[in-house]
Amino acid sequence: MTNPEFEQALTRAQLAQRGLNRRRFLSFAGLGAGSIALAACGGPSTASSSSSTSTAGPAAAGAGAPAGSSGAGSSAGSSAGSAGDAAEFAGVKPASTITFWSNHPGDSADVENEIIKAFNASGAGVTVKLVTAGSNYEEIATKFQAAQQAKKGLPDLLVLSDVWWFRYRMSQSILPLNNVLAAAELDTAAYREGLIKDYQYGGEQWAVPFARSTPLFYYNKEHWKKAGLEDRAPKTWQEFAEWAVKLQAAGTGAQNAFQLPALADYAGWTFQNNLWGEGGGWSKEGTFDITCADKESVQALQFLQDAVYKGKWSGVSSKSATDDLSAGAVSATLGSTGSLVGVQKAAKFDLGVGFLPGGSVSQSPVCPTGGSGLGITASVPKENQLAAAMFIKFATNPENTVKFAQATGYLPVRTDADISGLVKANPLAKTAIDQLAVTRVQDNARVFIPGADQEMAKACAAILTQQASVQQSMDGLKAKLEQMYASDVEPNL
Amino acid sequence: MSVTVADAESAGPGSSRTRSARRAADPPPRQKPAGRRRTAELLSARSRRDFPIFLLLVLPNVLLIAAFTYRPLLTNIYYSTLNWTLGSPTASKVGLGNYREFFTDPESLQVLWTTAIFTVATVGGAMILGLGLATVLNRPLRGRTFARATIFAPFVLSGVGIGLVWVFIFDPVTGLLGAIIRGFGGTSPQWFNDPKLALTMVIIVYIWKNTGYCAVIYLAAMQAVPADLVEAAAIDGAGRVRTFFSVVLPLLSPTTFFLLLTSILNSLQAFDLIRIMTPLGNGTTTLMYDAYLQAFGGYNRAGYSAAVATILFGILLVMTVVQLTLLERKVHYS
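Chains as they are written, first to last, in our numbering: chain V, 10 to 502; chain W, 8 to 341.
Here chain V stands alone, though its shape is the one from the complex (with noise of 0.2 Å):
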């Protein structure tokens, strides 16, 4: 029978007979709705769990290192990024609105909403929205990877520190650039050659330089004078070993004539200096190969801890070395460039900067880059990602790299920006520009390790404020990094 109320009526009996009724029936698909929430967990595929450990690396070059190099840095730079192809954005319209997460480097907020009003001006019909992300390279990163695990929320745009941009590459979260910036016309070749190659690897562009910046030797010059120091940066930390006893004897007033920057922020890419003037560092330039335990750099961190416990010329800055030389509370230390303008706010005295010193082994290069770039998501529509790369296309460009490089003292990325506008309303600018010919590629276990740059300062603490064995302190550093190494790089590469 093919009667339709006939049916329904059946249905409704057969129902009733197995004790159905409407309110059973809620229940049950009330508990079914909670039995799929239970049951949906969301999270990573591990359906090709194998080749999640064995994915074709991209054409690497050197020893499967990433292969950035700097002006002076040799490296096995040869995975210089390719030309894009821009056919793979041929026909997208750019989104007319974009998304893009900063943590402001360097103070920079008012410059940065200055260059976003000039871009949503320009008549490139994108509307750039700036979002407060985190204060710092670190809460950026968190919050980047909460939204990357929610699937929503994701910017289009973000800031990457020269020690996240990589993980985010092995998470595929970052898209590969060369295609895009071919699409928004932008010519890496006018960045700074140590810059822009800081963020290559397998042929491919994964971040454009932006809030770029070196360490800088920081001096208050009337404790130089009082000490009756020449007007100048130390040339080697043995050097400034000998000024410093003179510092400390010339009632300057200040706690200690040198402050070792804050560990937790600081001593893995500041260390590299002393590491680099001994003829050590964290790793093998351009390779994986450890090296922190070996006797360079042993004597490298030796050189410091005496600074603080024999010679009790070093503190250790417990949140801020430039603050606490700010408040002349030492005499001298090592910042970023990134911090320059607000040190010069916020200092009552004439204060003087220089290249980072040199050790016994080696004078220069032993300054490495630091700073963050401007990276696209992976997982964002291709018109964002378009209006995305046109935007750091704006933001990067002559005029305003030197724009924001005044307003924070981060250092102009391009190579054809006209610096001598900056130059002459800040001199001081020009050594931390200068110093950027003298540079040198950091030590791929600090950038490329997930969790590296927290061990390093670990290791450093234990070292410096608990007069921990250097030696044992940089073995166990060593195993420690070896072993990260071998369970979360070397599967991903």
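Since the hints were made in silico from the structure, they are not lab data. Source: prediction; values computed, not measured. From the three backbone atoms N, C-alpha and C, an ideal C-beta is built for every residue, glycine too. Be aware that one or more of the hints could be misleading.
As the list claims (entries may be wrong) - The calculated DSS-like cross-link candidates involving lysine-lysine, where the alpha carbons are at most 30 Å apart (straight line), are:
| hint | chain 1 | residue 1 | chain 2 | residue 2 |
| --- | --- | --- | --- | --- |
| 1 | V | Lys102 | V | Lys391 |
| 2 | V | Lys402 | V | Lys161 |
| 3 | W | Lys203 | V | Lys161 |
| 4 | V | Lys293 | V | Lys244 |
| 5 | W | Lys100 | V | Lys328 |
| 6 | W | Lys203 | V | Lys160 |
| 7 | V | Lys304 | V | Lys244 |
| 8 | W | Lys203 | V | Lys138 |
| 9 | W | Lys100 | V | Lys319 |
| 10 | V | Lys293 | V | Lys489 |
| 11 | V | Lys304 | V | Lys152 |
| 12 | V | Lys412 | V | Lys402 |
| 13 | V | Lys138 | V | Lys152 |
| 14 | V | Lys439 | V | Lys255 |
| 15 | V | Lys357 | V | Lys152 |
| 16 | V | Lys489 | W | Lys203 |
| 17 | V | Lys439 | V | Lys402 |
| 18 | V | Lys357 | V | Lys328 |
| 19 | V | Lys138 | V | Lys412 |
| 20 | V | Lys489 | W | Lys100 |
| 21 | V | Lys244 | V | Lys354 |
| 22 | V | Lys293 | V | Lys487 |
| 23 | V | Lys244 | V | Lys357 |
| 24 | W | Lys100 | V | Lys487 |
| 25 | V | Lys230 | V | Lys319 |
| 26 | V | Lys354 | V | Lys293 |
| 27 | W | Lys203 | V | Lys321 |
| 28 | V | Lys357 | V | Lys255 |
| 29 | V | Lys304 | V | Lys321 |
| 30 | W | Lys203 | V | Lys487 |
As the list claims (entries may be wrong) - Here are the simulated distance ranges between beta carbons:
| hint | chain 1 | residue 1 | chain 2 | residue 2 | range |
| --- | --- | --- | --- | --- | --- |
| 31 | W | Gly168 | V | Asp116 | 18 to 24 Å |
| 32 | W | Gly168 | V | Phe358 | 29 to 35 Å |
| 33 | V | Thr136 | W | Arg151 | 54 to 60 Å |
| 34 | V | Lys160 | W | Val172 | 53 to 59 Å |
| 35 | W | Val172 | V | Phe358 | 38 to 44 Å |
| 36 | W | Gln330 | V | Asp116 | 45 to 51 Å |
| 37 | W | Leu171 | V | Phe358 | 25 to 31 Å |
| 38 | W | Asp279 | V | Ala355 | 23 to 29 Å |
Based on the hints, put chain W in the right spot on chain V.
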């Protein structure tokens, strides 16, 4: 008609006759009064009828709890079996590998030790100080209301704000405490760089923040202590100290039990002050903070972090069950 046992046995199994026979053979149940029996029947019928409505009413809450408590819990346990970089679309299964790593890593012992010290110190410190303050505030003093508000205020303030203020106070170079110590010719301790001092510093601030909470709860309980018992103790010649320890404190045991339970759970999950005051966790890495550092603090090891979080969950569960089953027996409920 009467039915004998023999009749019942001769009947087939499952027959209605058998069932009635068994009912007849059973000893007669204790008879309820007719009124009560009727009420029970009514209630039972009503319960059956209302059960779907009951389900419908509780379902939203059950679903919410399932979606936002049990689902993340189960998901977290699942994640703890993966080698997974947070944000990565792929991961590999490692079974119990993350747990093995935790229980064989010497640093884990340090994390557990730090967690134990932090929990014992903060719970003990806040409860003892809270009890002392409540005892003082329970007496008719001038400005008592103002003092109560002042003592309670830190508890309701943001942990992040409090952390930032105390960072300024403790900073050895530019901080307030360092300036005072230097004023007396001393040198400020390295609160942030020395791991032991860093833990001490965070414990001090955590106790300062939570003492007010314990004090207010104890104060409310003290005001409920019957005055006649205290008077009786006084008449019997007990002094203030004896009265406090032999009369008041036992009567406060339900409150002490409640505070112990909630404070331990809170201390084991403390995060904001540790994050703000010691971001690297140098000396202050508790289980909770280790879970954060492993996933978000630079290591990106979401699977291992999930394993740490699951271990913390297990510890919390065991401690709660132990407290509810063992300690509660010592509690005097009036």
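Okay, the hints, checked on the actual structure:
1. Pair hint Lys102(V) plus Lys391(V) holds up; C-alpha atoms about 9 Å apart against a cutoff of 30 Å.
2. Taken as a hint, the Lys402(V) and Lys161(V) pair is honoured in the structure, with Cα atoms around 26 Å apart against an allowance of 30 Å.
3. A threshold of 30 Å between alpha carbons decides the hint, and for Lys203(W) with Lys161(V) the separation of about 41 Å lies outside it, so the pair is violated.
4. In summary, the hint linking Lys293(V) to Lys244(V) is supported, as the alpha carbons are separated by about 24 Å, within the 30 Å threshold.
5. With a CA separation close to 40 Å, the supplied pair Lys100(W) and Lys328(V) exceeds the 30 Å bound.
6. Distance hint between Lys203(W) and Lys160(V) is unfulfilled; the C-alpha atoms sit about 40 Å from each other, more than 30 Å.
7. This hinted pair checks out: Lys304(V) and Lys244(V) have alpha carbons roughly 23 Å apart, not beyond 30 Å.
8. Restraint check for Lys203(W) and Lys138(V): the C-alpha separation of about 44 Å exceeds 30 Å, so the hint is violated.
9. At roughly 50 Å between alpha-carbon atoms, Lys100(W) and Lys319(V) are farther apart than 30 Å, so this suggested pair is violated.
10. Distance check on the hinted pair: Lys293(V) and Lys489(V) sit about 16 Å apart at the alpha-carbon level, within 30 Å; holds.
11. Restraint check for Lys304(V) and Lys152(V): the C-alpha separation of about 40 Å exceeds 30 Å, so the hint is violated.
12. Restraint check for Lys412(V) and Lys402(V): the C-alpha separation of about 14 Å stays at or below 30 Å, so the hint holds.
13. Only pairs whose Cα atoms come within 30 Å are accepted, and Lys138(V) paired with Lys152(V) is accepted, the gap being roughly 17 Å.
14. For a cut-off of 30 Å, the pair hint linking Lys439(V) to Lys255(V) stands: about 28 Å separates their Cα positions.
15. Between Lys357(V) and Lys152(V) the alpha-carbon distance is near 37 Å, which puts this suggested pair outside the 30 Å criterion.
16. Distance restraint check for Lys489(V) and Lys203(W): the Cα-Cα separation of roughly 23 Å lies within the 30 Å cut-off, and the hinted pair is therefore satisfied.
17. Note on Lys439(V) and Lys402(V): the hinted pairing holds, with a Cα-Cα distance of about 24 Å set against a maximum of 30 Å.
18. A distance of roughly 20 Å separates the Cα atoms of Lys357(V) and Lys328(V); the hinted pair therefore holds under the 30 Å criterion.
19. Restraint check for Lys138(V) and Lys412(V): satisfied, since their Cα atoms lie roughly 20 Å apart, inside the 30 Å limit.
20. Simply put, Lys489(V) and Lys100(W) have alpha-carbon atoms about 22 Å apart, close enough for the 30 Å limit, and the pair holds.
21. Among the hinted pairs, Lys244(V) with Lys354(V) is consistent with the structure: their alpha-carbon atoms are about 27 Å apart, no more than 30 Å.
22. Taking the CA atoms of Lys293(V) and Lys487(V), the gap is about 12 Å. The hint holds against a cut of 30 Å.
23. Our distance criterion of 30 Å between C-alpha atoms is met by Lys244(V) and Lys357(V), whose separation comes to about 26 Å.
24. As the CA atoms of Lys100(W) and Lys487(V) are separated by approximately 27 Å, the hinted pair is consistent with the 30 Å bound.
25. Under the criterion of a C-alpha separation no larger than 30 Å, the hint pairing Lys230(V) with Lys319(V) is consistent with the structure, at around 26 Å.
26. With a CA separation close to 39 Å, the supplied pair Lys354(V) and Lys293(V) exceeds the 30 Å bound.
27. Taking the CA atoms of Lys203(W) and Lys321(V), the gap is near 22 Å; set against the 30 Å cutoff, the hint holds.
28. The suggested pairing of Lys357(V) with Lys255(V) holds, with an alpha-carbon distance near 22 Å, which does not exceed 30 Å.
29. For the proposed pair Lys304(V) and Lys321(V), the alpha carbon gap of about 23 Å is at most 30 Å, so the pair holds.
30. Distance hint between Lys203(W) and Lys487(V) is fulfilled; the C-alpha atoms sit about 25 Å from each other, no more than 30 Å.
31. With their beta carbons about 21 Å apart, Gly168(W) and Asp116(V) fall inside the hinted range of 18 to 24 Å.
32. The hint said 29 to 35 Å for the Cβ distance between Gly168(W) and Phe358(V), and at roughly 32 Å that hint holds.
33. One distance hint, 54 to 60 Å for the beta-carbon pair Thr136(V) and Arg151(W), holds here, with the actual separation near 58 Å.
34. For Lys160(V) paired with Val172(W), a C-beta distance near 37 Å fails the hint of 53 to 59 Å.
35. A hinted range of 38 to 44 Å is violated for the C-beta pair Val172(W) and Phe358(V), which are about 28 Å apart.
36. The hint said 45 to 51 Å for the Cβ distance between Gln330(W) and Asp116(V), and at roughly 49 Å that hint holds.
37. A hinted range of 25 to 31 Å holds for the C-beta pair Leu171(W) and Phe358(V), which are about 27 Å apart.
38. The supplied range of 23 to 29 Å is met by Asp279(W) and Ala355(V), whose beta-carbon atoms lie about 28 Å from each other.
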